[in-house]
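So you can see what is in the structure, the chains are spelled out below.
Protein chains: 10
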Amino acid sequence: MEFLVRTENLLPVDTPAATRDELKAGERARAVELREAGILKRLWRVPGRNATVGLYEAEDPAALHDALASLPMFPWMDVTVEALATHPQER
Amino acid sequence: MEFLVRTENLLPVDTPAATRDELKAGERARAVELREAGILKRLWRVPGRNATVGLYEAEDPAALHDALASLPMFPWMDVTVEALATHPQER
Amino acid sequence: MEFLVRTENLLPVDTPAATRDELKAGERARAVELREAGILKRLWRVPGRNATVGLYEAEDPAALHDALASLPMFPWMDVTVEALATHPQER
Amino acid sequence: MEFLVRTENLLPVDTPAATRDELKAGERARAVELREAGILKRLWRVPGRNATVGLYEAEDPAALHDALASLPMFPWMDVTVEALATHPQER
Amino acid sequence: MEFLVRTENLLPVDTPAATRDELKAGERARAVELREAGILKRLWRVPGRNATVGLYEAEDPAALHDALASLPMFPWMDVTVEALATHPQER
Amino acid sequence: MEFLVRTENLLPVDTPAATRDELKAGERARAVELREAGILKRLWRVPGRNATVGLYEAEDPAALHDALASLPMFPWMDVTVEALATHPQER
Amino acid sequence: MEFLVRTENLLPVDTPAATRDELKAGERARAVELREAGILKRLWRVPGRNATVGLYEAEDPAALHDALASLPMFPWMDVTVEALATHPQER
Amino acid sequence: MEFLVRTENLLPVDTPAATRDELKAGERARAVELREAGILKRLWRVPGRNATVGLYEAEDPAALHDALASLPMFPWMDVTVEALATHPQER
Amino acid sequence: MEFLVRTENLLPVDTPAATRDELKAGERARAVELREAGILKRLWRVPGRNATVGLYEAEDPAALHDALASLPMFPWMDVTVEALATHPQER
Amino acid sequence: MEFLVRTENLLPVDTPAATRDELKAGERARAVELREAGILKRLWRVPGRNATVGLYEAEDPAALHDALASLPMFPWMDVTVEALATHPQER
Numbered sequence: 001m002e003f004l005v006r007t008e009n010l011l012p013v014d015t016p017a018a019t020r021d022e023l024k025a026g027e028r029a030r031a032v033e034l035r036e037a038g039i040l041k042r043l044w045r046v047p048g049r050n051a052t053v054g055l056y057e058a059e060d061p062a063a064l065h066d067a068l069a070s071l072p073m074f075p076w077m078d079v080t081v082e083a084l085a086t087h088p089q090e091r
Numbered sequence: 001m002e003f004l005v006r007t008e009n010l011l012p013v014d015t016p017a018a019t020r021d022e023l024k025a026g027e028r029a030r031a032v033e034l035r036e037a038g039i040l041k042r043l044w045r046v047p048g049r050n051a052t053v054g055l056y057e058a059e060d061p062a063a064l065h066d067a068l069a070s071l072p073m074f075p076w077m078d079v080t081v082e083a084l085a086t087h088p089q090e091r
Numbered sequence: 001m002e003f004l005v006r007t008e009n010l011l012p013v014d015t016p017a018a019t020r021d022e023l024k025a026g027e028r029a030r031a032v033e034l035r036e037a038g039i040l041k042r043l044w045r046v047p048g049r050n051a052t053v054g055l056y057e058a059e060d061p062a063a064l065h066d067a068l069a070s071l072p073m074f075p076w077m078d079v080t081v082e083a084l085a086t087h088p089q090e091r
Numbered sequence: 001m002e003f004l005v006r007t008e009n010l011l012p013v014d015t016p017a018a019t020r021d022e023l024k025a026g027e028r029a030r031a032v033e034l035r036e037a038g039i040l041k042r043l044w045r046v047p048g049r050n051a052t053v054g055l056y057e058a059e060d061p062a063a064l065h066d067a068l069a070s071l072p073m074f075p076w077m078d079v080t081v082e083a084l085a086t087h088p089q090e091r
Numbered sequence: 001m002e003f004l005v006r007t008e009n010l011l012p013v014d015t016p017a018a019t020r021d022e023l024k025a026g027e028r029a030r031a032v033e034l035r036e037a038g039i040l041k042r043l044w045r046v047p048g049r050n051a052t053v054g055l056y057e058a059e060d061p062a063a064l065h066d067a068l069a070s071l072p073m074f075p076w077m078d079v080t081v082e083a084l085a086t087h088p089q090e091r
Numbered sequence: 001m002e003f004l005v006r007t008e009n010l011l012p013v014d015t016p017a018a019t020r021d022e023l024k025a026g027e028r029a030r031a032v033e034l035r036e037a038g039i040l041k042r043l044w045r046v047p048g049r050n051a052t053v054g055l056y057e058a059e060d061p062a063a064l065h066d067a068l069a070s071l072p073m074f075p076w077m078d079v080t081v082e083a084l085a086t087h088p089q090e091r
Numbered sequence: 001m002e003f004l005v006r007t008e009n010l011l012p013v014d015t016p017a018a019t020r021d022e023l024k025a026g027e028r029a030r031a032v033e034l035r036e037a038g039i040l041k042r043l044w045r046v047p048g049r050n051a052t053v054g055l056y057e058a059e060d061p062a063a064l065h066d067a068l069a070s071l072p073m074f075p076w077m078d079v080t081v082e083a084l085a086t087h088p089q090e091r
Numbered sequence: 001m002e003f004l005v006r007t008e009n010l011l012p013v014d015t016p017a018a019t020r021d022e023l024k025a026g027e028r029a030r031a032v033e034l035r036e037a038g039i040l041k042r043l044w045r046v047p048g049r050n051a052t053v054g055l056y057e058a059e060d061p062a063a064l065h066d067a068l069a070s071l072p073m074f075p076w077m078d079v080t081v082e083a084l085a086t087h088p089q090e091r
Numbered sequence: 001m002e003f004l005v006r007t008e009n010l011l012p013v014d015t016p017a018a019t020r021d022e023l024k025a026g027e028r029a030r031a032v033e034l035r036e037a038g039i040l041k042r043l044w045r046v047p048g049r050n051a052t053v054g055l056y057e058a059e060d061p062a063a064l065h066d067a068l069a070s071l072p073m074f075p076w077m078d079v080t081v082e083a084l085a086t087h088p089q090e091r
Numbered sequence: 001m002e003f004l005v006r007t008e009n010l011l012p013v014d015t016p017a018a019t020r021d022e023l024k025a026g027e028r029a030r031a032v033e034l035r036e037a038g039i040l041k042r043l044w045r046v047p048g049r050n051a052t053v054g055l056y057e058a059e060d061p062a063a064l065h066d067a068l069a070s071l072p073m074f075p076w077m078d079v080t081v082e083a084l085a086t087h088p089q090e091r
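Residue numbers (the UniProt record's numbering), protein chains in the order written: chain A, 1 to 91; chain B, 1 to 91; chain C, 1 to 91; chain D, 1 to 91; chain E, 1 to 91; chain F, 1 to 91; chain G, 1 to 91; chain H, 1 to 91; chain I, 1 to 91; chain J, 1 to 91.
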């Protein structure tokens with residue numbers, strides 16, 4: 001099933017650049033893995049914000065949670081999840 | 001997977017009693033069927049309101065939608081759905 | 001550019017079935033055209049509601065508006081549009 | 001009577017791992033006790049968040065408060081409680 | 001247990017005066033009964049509105065719902081209920 | 001006149017226990033004085049929160065403010081006040 | 001004591017002009033009386049809306065309610081009241 | 001001074017086409033006049049909605065209100081106004 | 001033109017008393033000047049909060065901003081401004 | 001295409017004056033560049049706040065994001081973006 005996932009990244013502004021870079025690199029690497037696993041299907045940036053909208057596919061909400069929690073930035077992210085139903089037009 | 005479902009019944013106050021009774025009877029009968037099918041697991045009333053909180057189980061959001069839309073009162077109900085993840089304590 | 005579009009269908013409950021069916025058929029036909037034109041890329045149902053989340057692509061907000069306004073149900077739809085930015089991971 | 005209880009865990013990200021682990025272990029142990037006492041009946045995770053939805057049973061709101069306040073994480077939790085009425089279908 | 005109950009009276013402005021007067025009289029009579037039964041303990045008006053704040057006592061939320069639903073104006077009232085816990089200072 | 005007063009206590013979690021205990025003791029002592037002065041008439045706890053709902057009586061909003069500001073916890077409390085009108089049923 | 005009072009006038013657009021004019025004239029006449037009685041001290045229009053912000057003085061919320069309810073437009077007005085405290089700078 | 005003005009057009013869907021066309025023509029004609037008077041400086045459509053964002057210039061809020069109220073669609077428009085201050089960069 | 005101005009004072013609780021007293025004295029002195037200049041016309045306290053509602057008069061929003069920004073507490077204040085239109089009854 | 005952009009500047013009050021001045025100077029310099037590039041078309045201050053409303057033009061949301069993120073104050077700014085459609089009156 002598919003989920004619409006919004007994230008706001010709340011990493012403090014005064015985080016050392018090295019820590020920030022390391023987190024960003026890890027985030028990008030893990031995202032690539034989630035894409036290859038078919039879990040992360042699309043990702044957009046909310047313009048003007050350190051925030052994203054993503055389209056995810058997972059077996060159920062618990063599997064989605066595990067995928068999101070595997071992202072290195074997860075402890076600093078405010079995440080909201082919306083479960084979407086297949087539309088009859090796409091069945 | 002399990003869903004928390006809130007409903008507000010917006011049937012107009014001036015609906016004829018006969019129509020209302022028929023809808024209520026149909027609603028109750030369909031709810032019994034959903035319980036027997038294991039889809040409707042618990043139902044509570046929000047005190048003071050013509051509103052409910054329900055715990056549903058369905059294969060996915062589309063199956064849940066079909067179950068909710070099968071209720072005779074559905075056209076007058078404002079429904080919000082929240083997909084819940086199994087908690088590690090209950091795995 | 002891509003847009004996330006939410007719609008709530010507010011067609012009155014007491015709309016005659018014939019009118020409703022005609023509108024639905026027209027809506028579906030127009031949606032097919034928008035898909036074929038590459039404007040409507042994905043469509044989901046919000047479970048429990050007569051509502052959708054859609055992913056659209058259009059040259060600019062005015063072109064998107066024209067596409068949405070071409071849907072037969074548009075006069076009864078409450079629509080909100082969010083412009084999304086390409087994420088660096090997908091550039 | 002039954003209550004729907006939402007919690008958001010606001011423990012700071014920079015809490016030392018040892019403190020965090022100790023709190024989590026204590027939380028889990030206390031939750032087991034509340035389950036055995038028939039107070040905590042179901043617990044779900046809100047996907048994507050360090051948050052839960054729980055179904056509790058207690059004699060009254062004061063007894064529920066005491067149960068929630070006995071959780072080691074309570075000082076860091078933002079909790080909202082909703083008292084539910086038995087639905088006529090379940091009487 | 002005690003509940004804080006808010007009501008907004010949504011009776012249409014164009015309700016005939018006779019109907020309105022009859023409803024008001026019935027409302028007042030039923031309120032007197034609820035006071036005598038110890039269920040309605042205090043009632044205030046929200047200044048500027050056709051709205052009230054009330055302090056009720058009932059065995060549980062279902063009993064409170066039945067009391068509120070027994071008011072003749074109930075079908076036109078938007079009601080919200082908050083369950084209150086005894087404060088340690090008043091135990 | 002009577003006021004409905006809501007408080008949320010925002011005292012930081014890491015406040016030393018001695019400071020916290022002293023504040024709590026002072027709070028309770030001052031509350032007793034406000035009760036004896038007929039200003040604090042009832043106090044409830046919002047279940048699950050470090051929050052209260054109170055029924056106060058004071059000559060006017062300025063007198064109420066002075067009473068609330070005399071509580072030792074006041075600097076850490078988020079307070080909202082609602083002025084209530086006597087209901088015709090209670091005149 | 002002084003109150004800040006907001007009103008939104010919800011008189012239906014299709015109200016006959018004669019009814020509307022009569023209500024407006026009565027509203028203005030009653031407002032003059034409330035000014036002369038020292039109850040209505042200032043009145044502003046919210047630009048772009050059929051809405052006002054007013055500064056009222058009344059003995060208590062019940063007296064304010066009676067003054068507001070004496071306005072001919074009252075049945076169509078959505079009113080919110082905020083009780084203000086004298087500021088120490090103006091004592 | 002400049003104002004940001006948002007409008008939502010709430011003209012009922014079932015308004016006869018002739019009435020609607022007449023109102024639209026009048027609206028457009030009056031908007032041209034407001035542009036020529038230097039009051040309406042820019043106008044945008046909110047994509048997906050029968051709504052606009054406009055940049056207006058008027059001597060004060062009362063003059064802006066009169067300009068907005070002169071639009072034929074005004075009785076059906078929900079309007080919100082925000083007064084903007086000149087930014088130091090543009091002084 | 002007149003403005004309704006709300007302020008919430010967010011000065012941290014742990015600000016040294018000397019700093020706080022100095023700020024308060026400066027605030028009061030500057031407020032007196034703004035009153036004498038005819039800019040600050042009325043000031044109320046929001047009961048239970050470190051917050052005010054004020055009635056200001058200034059040539060335009062930029063002049064109002066400068067007046068507000070001249071208050072020593074301004075860097076800690078959360079301020080919202082509403083431009084009011086003269087009401088026809090007061091013209 | 002044009003965007004309405006709101007910013008709230010959350011730079012901490014206790015930021016050293018030198019840092020603040022340097023950021024402000026950089027912000028102003030970068031804003032001049034964005035104006036010269038035709039990206040920043042208008043800028044207003046929200047009266048009473050360290051906040052702005054801006055009218056921007058950019059090829060798409062990603063280009064707008066890059067422009068906003070190039071401002072030295074960006075890490076401390078809370079930004080919301082609204083994509084506007086050309087209004088038929090201005091085509």
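Incorrect hints may appear among the rest.
List time: in silico DMTMM-like cross-link candidates among lysine to aspartate or glutamate, alpha-carbon distance up to 25 Å [unchecked claim]:
1) 41(G) <-> 66(H)
2) 41(D) <-> 57(A)
3) 41(F) <-> 22(E)
4) 24(F) <-> 90(E)
5) 41(C) <-> 22(A)
6) 41(G) <-> 14(I)
7) 24(F) <-> 36(F)
8) 41(E) <-> 14(F)
9) 24(B) <-> 8(B)
10) 41(F) <-> 59(F)
11) 41(C) <-> 66(C)
12) 41(F) <-> 14(F)
13) 24(C) <-> 66(H)
Here are the simulated distance ranges between beta carbons [as the list claims (entries may be wrong)]:
14) 37(F) <-> 20(I): 38 to 48 Å
15) 90(C) <-> 89(E): 31 to 41 Å
16) 89(E) <-> 38(D): 41 to 51 Å
17) 21(J) <-> 26(I): 51 to 61 Å
18) 78(H) <-> 38(D): 23 to 33 Å
19) 19(D) <-> 37(F): 38 to 48 Å
20) 25(B) <-> 25(E): 30 to 40 Å
21) 20(J) <-> 26(H): 49 to 59 Å
Sample of chain F residues facing chain E (criterion: CB under 8 Å; computed from the structure) [as the list claims (entries may be wrong)]:
22) 2
23) 29
24) 52
25) 83
26) 89
27) 91
Calculated from the structure, these hints are not laboratory results.
Heads up, the beta-carbon is just placed ideally off N, CA and C, and yes, glycines get one too.
Here is what the structure says about each hint:
Taking the CA atoms of residue 41(G) and residue 66(H), the gap is near 24 Å; set against the 25 Å cutoff, the hint holds. At roughly 30 Å between alpha-carbon atoms, residue 41(D) and residue 57(A) are farther apart than 25 Å, so this suggested pair is violated. With a C-alpha separation of about 35 Å, the suggested pairing of residue 41(F) with residue 22(E) is violated against the 25 Å cut-off. Distance restraint check for residue 24(F) and residue 90(E): the Cα-Cα separation of roughly 15 Å lies within the 25 Å cut-off, and the hinted pair is therefore satisfied.
Taking the CA atoms of residue 41(C) and residue 22(A), the gap is near 35 Å; set against the 25 Å cutoff, the hint is violated. Of the pairs offered as hints, the one joining residue 41(G) and residue 14(I) is violated, with about 40 Å between alpha carbons and a cut-off of 25 Å exceeded. Of the pairs offered as hints, the one joining residue 24(F) and residue 36(F) holds, with about 18 Å between alpha carbons and a cut-off of 25 Å not exceeded. Of the supplied pair hints, the one linking residue 41(E) and residue 14(F) is violated, its CA atoms being roughly 40 Å apart against a limit of 25 Å.
Note on residue 24(B) and residue 8(B): the hinted pairing holds, with a Cα-Cα distance of about 14 Å set against a maximum of 25 Å. For the proposed pair residue 41(F) and residue 59(F), the alpha carbon gap of about 14 Å is at most 25 Å, so the pair holds. Annotation: proposed proximity of residue 41(C) to residue 66(C) holds, straight-line Cα distance about 16 Å (limit 25 Å). At roughly 32 Å between alpha-carbon atoms, residue 41(F) and residue 14(F) are farther apart than 25 Å, so this suggested pair is violated.
Between the alpha carbons of residue 24(C) and residue 66(H) the distance comes to roughly 42 Å, so the proposed pair goes past 25 Å and is violated. As the Cβ distance of residue 37(F) to residue 20(I) is approximately 28 Å, the hint placing it in 38 to 48 Å is violated. With their beta carbons about 58 Å apart, residue 90(C) and residue 89(E) fall outside the hinted range of 31 to 41 Å. One distance hint, 41 to 51 Å for the beta-carbon pair residue 89(E) and residue 38(D), is violated here, with the actual separation near 29 Å.
For residue 21(J) paired with residue 26(I), a C-beta distance near 22 Å fails the hint of 51 to 61 Å. Taking the beta carbon of each, residue 78(H) and residue 38(D) are about 51 Å apart, not inside 23 to 33 Å as hinted. Checked against the hint of 38 to 48 Å, the C-beta distance between residue 19(D) and residue 37(F) comes to roughly 44 Å, which is consistent with it. Taken as a hint, the range 30 to 40 Å holds for the pair residue 25(B) and residue 25(E), whose Cβ atoms sit roughly 32 Å apart.
At roughly 52 Å, the beta carbons of residue 20(J) and residue 26(H) sit within the given window of 49 to 59 Å. Evaluation of the residue 2(F) hint against chain E yields a held restraint, the C-beta minimum of about 7 Å falling below 8 Å. This hint is violated: residue 29(F) has a C-beta 11 Å from the nearest C-beta of chain E, more than the 8 Å allowed. For the restraint placing residue 52(F) at the interface with chain E, the shortest Cβ-Cβ distance is roughly 6 Å, inside the 8 Å limit, so the hint holds.
Here the hint on residue 83(F) is kept, as its CB sits about 7 Å from the closest CB of chain E, short of 8 Å. Contact between residue 89(F) and chain E, as hinted, is supported at the beta carbon level, the nearest pair being about 6 Å apart and thus within 8 Å. The interface hint given for residue 91(F) is broken, as the beta carbon of that residue sits about 10 Å from the closest beta carbon of chain E, more than 8 Å.
Checked against the numbered hints listed earlier, the structure breaks hints 2, 3, 5, 6, 8, 12, 13, 14, 15, 16, 17, 18, 23 and 27; every other hint is satisfied.
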